[in-house]
Amino acid sequence: MLGKTIKMPQETVFIKGNHAIVEAAIDAGCRFYAGYPITPQNEIPEYMSKRMPEAGGTFIQAESELISINLVFGAGAAGARAMTTSSSPGISLMQEGISYMAGCEVPGVIVNIQRGGPGLGNIAPSQSDYYQAVKPGHGDFHSIVLAPHNIQEMYDYTVKAFDLADKYRIPVIVLSDGLLGQLMENITLKKDQETEYLDMPKDWALTGAKGRDGQRILSLLMRPGALEKHNEHLREKHRTICDNEIQYECFSIDDDIDCLIVAFGTVARISKGVINIAKDMRIGLFRPITLWPFPYMKINELSKRVKKVFVFEMNYGQMLDDVKIAVENSDKIEFYGRTGGGIPTQEELYQFIKARTKGRGY
Amino acid sequence: MVIEKIIYKKPESLTDCNFTYCSGCGHSTVHKLIAELVDELGIREKTIAVAPVGCAVFAYDFWNFDVSEAPHGRTPVVATAIKRIHPDNVVFSYQGDGDLVSIGLAEIMHTANRGENISVIFINNTNYGMTGGQMAPTTLLNQVTTTSPMGRNSKNYGYPIKMIELLVSLQGVKYLERVKITSPASILKAKKAIKKAFLNQINGTGFSMVEVLSACPESWKKTPREAIKWIDEEVSAYYPVGKIKDIE
Amino acid sequence: MEERIIIAGSGGQGVQTLGFLLAEVGMSDKKRVTWLPSYGAEKRGGFSFCHVVISDQEIYSPYIESPDTLLLFDQRALNTYKDYVLNHTLVIENSSLIKEDTVVNGKKVSIPATDIANSILFTQAANTVMAGAYFALKTIFHVENALKVMRAVLVKKSKQIFEKNEKALYQGFNFIKENYQYV
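Chains as they are written, first to last, in this note's numbering: chain A, 16 to 377; chain B, 39 to 286; chain C, 189 to 371.
Simulated from the structure, these hints should not be mistaken for lab results.
The model shown is predicted, which means the values in this text are computed figures rather than measured ones.
A few of these clues could be false.
Stated by the list, open to error - To list a few chain C residues with every Cβ distance to chain A over 10 Å, as calculated:
(1) V292
(2) E332
(3) I349
(4) F350
(5) E354
(6) Q359
(7) I364
(8) N367
What the hints assert, rightly or not - Only pairs whose alpha carbons sit at most 20 Å apart, straight line, appear in this in silico DMTMM-like list of lysine to aspartate or glutamate:
(9) C:K296 <-> C:E246
(10) A:K294 <-> C:E246
(11) C:K270 <-> A:E362
(12) A:K225 <-> B:E286
(13) A:K150 <-> A:D258
(14) B:K84 <-> A:D228
To be verified - Beta-carbon label-pair distances, calculated as ranges:
(15) A:P68 <-> B:G242: 53 to 63 Å
(16) A:P239 <-> C:E246: 23 to 33 Å
(17) C:Q263 <-> A:K150: 25 to 35 Å
(18) B:L143 <-> C:T290: 57 to 67 Å
Cβ atoms here follow ideal geometry from the backbone N, Cα and C, with glycine treated the same way.
Let's have the full structure, built from the sequences with the hints guiding it.
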């Protein structure tokens, strides 16, 4: 089969992004998966239907994304590590369930292999679900959002997603795109690595009331003041996550840079190529890996040292909003985005930087 | 000397919380039947229920075993996942007609079709009780609700759905029975049916559902007594009680 | 060293398989490799392309806008990618299915890959003929490596199919050696 993983020496494999997600989930101890077909993530349920039974877990081909996410909700409520995957329109359907998971504090992992929108859009890569990942569904809540930019990270951050979900009892979204889902690249698997929170006791989970009173998984809090109190608790949790879990990469950032690119995922990867060809300019890349919690402070600090901040995205400026919050002088910010499945090229971004800096790079 | 003998007590599977349902509402009766059965079968420490969105969303206040909420209509889906993770537990969904027949129609059909080994208790009171008595897919023709003020007519609103008859052809479905709770005798019959749904799950038989024709006097603008009479005369005329499917 | 290759043609011509073969050959040489297939609703007969990058270092963009090599299987592929050709780009075109002599900037090599494949009674091996041509022109890889990779994959399936592909690979390789000595 074309695209089949090829094993290499030293635990390295040549693997497709979508397959790396599956291996990561299995290695992280996920034993429950539900998914519904949608391009460009179909390799995940297909491969999972083989791998999950091999690992002794449960695979369910859900009959809709509503069913997928609620199966994950139920499995999470029962104490299992559970995952679903989809692409943009399917994630829209899951927003209700994600909000319930956040409200009920049920952990779970949701992978979004983004495609172009709105509506049915197309099946090409896109980053236009930044808003719905980072500023999600109804109610006061956040999901942790992780944005890998290569296949190694598709694997590593899917493993990490399960730990974060259990540690904080929170839904975690791996926000990827069609390019990374379809791309094959050589990576290193960490088969025997124990994940930190795999054996964390889940005394809140529903297992049957053995030797105790019945307990509940719920988000409906009708008594006056009860919901506000619960949401305060969620806010405290969110603050703890912001204090402890922000992740980013600084690429080619030194004291001499004139301008800073802020980009995530696929576009960050292309931006590294831009820096590689822009030998005549002093450019650094700041790549947020956690899109929520967002590294506002670090961007604020770096933005003071440069003359220009370029924000590049495969959308019409969604992360741009957060960069604007971070950067005090927003006149410094220049945005370039492609939408509808368009992938910006290195040359295109390089020319944009040149044009906006009178060819000087600052 | 007087010898005191306990002849009746509150089931252990009920909490000390008083039922908050309206007088004459069927939920209190069915909640209690379930609690009694869970006690009798000795499965309190193994039972996990999933409550619907609707009046019975508060079921977790009254049952002293594990209970999860679920988004509206996704109740059997959440139950499915819990059962798959804990196959030795007894898992049931408790759903009203808005939850099961309207917004959750796809979910119940596919859960049934997959033959999930869970029990479903379906409370049919022919309207949306919690939100103020709007029309449900199960509302009878000519029945007045807050969204069918002239009475339901088939031209604009279609016909009431007979859920059990809809499910009967699915091969994954092993047991379907419709009951009512309008008299001590019919309540005992209902209990027997629910017991069978639980035993089917314990024995691994497969998907079982009991539909309970249940009173909603408040929305029906009837006294509890009138409501029961209406079930006996009108509701059960359209939704015939009895065992519809039973595959051992 | 970084080699950026775009392969294009129609679904069923073996475009993706050829890309995968080149990726595997790169890996057998301990290089970093990315293989990005086109994906979508179109299957046989639809437009098909893939981007392969083989490098000594971290690969930044796996999406190619300035190819070092273009392997084009038919007229539609050429029409789509002719504007991508830079001065340093090597274009290998399947002249069995590209009849228009389109002028391009880079170095262009024509090989009747489909005809050669037909001559050995194995029309599906046009992509392997193209691979042979590629290895004759790009000396960063050895054609023997390609053979080794092909043997590992194909012998398990069918010895006969492997042998036909081996023949196709060398026919492509030798065609270039005989007709394009200057390269």
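Hints, verified against the model:
1. V292: holds (18 Å)
2. E332: holds (19 Å)
3. I349: Holds: least Cβ distance 15 Å, greater than 10 Å.
4. F350: holds (17 Å)
5. E354: holds (20 Å)
6. Q359: holds (23 Å)
7. I364: Holds, because the least Cβ-Cβ distance between I364 of chain C and chain A comes to about 26 Å, which exceeds 10 Å.
8. N367: holds (31 Å)
9. C:K296 <-> C:E246: violated (29 Å)
10. A:K294 <-> C:E246: holds (17 Å)
11. C:K270 <-> A:E362: The hint holds at about 17 Å.
12. A:K225 <-> B:E286: violated (30 Å)
13. A:K150 <-> A:D258: holds (19 Å)
14. B:K84 <-> A:D228: holds (12 Å)
15. A:P68 <-> B:G242: 53 to 63 Å: Violated - the Cβ-Cβ distance for P68 of chain A and G242 of chain B, about 20 Å, lies outside 53 to 63 Å.
16. A:P239 <-> C:E246: 23 to 33 Å: violated (57 Å)
17. C:Q263 <-> A:K150: 25 to 35 Å: Roughly 47 Å apart at Cβ, these two residues miss the hinted range, so it is violated.
18. B:L143 <-> C:T290: 57 to 67 Å: Distance hint for L143 of chain B, T290 of chain C holds at roughly 58 Å.
Going down the numbered hints, you'll see the structure goes against 9, 12, 15, 16, 17, while the others check out.
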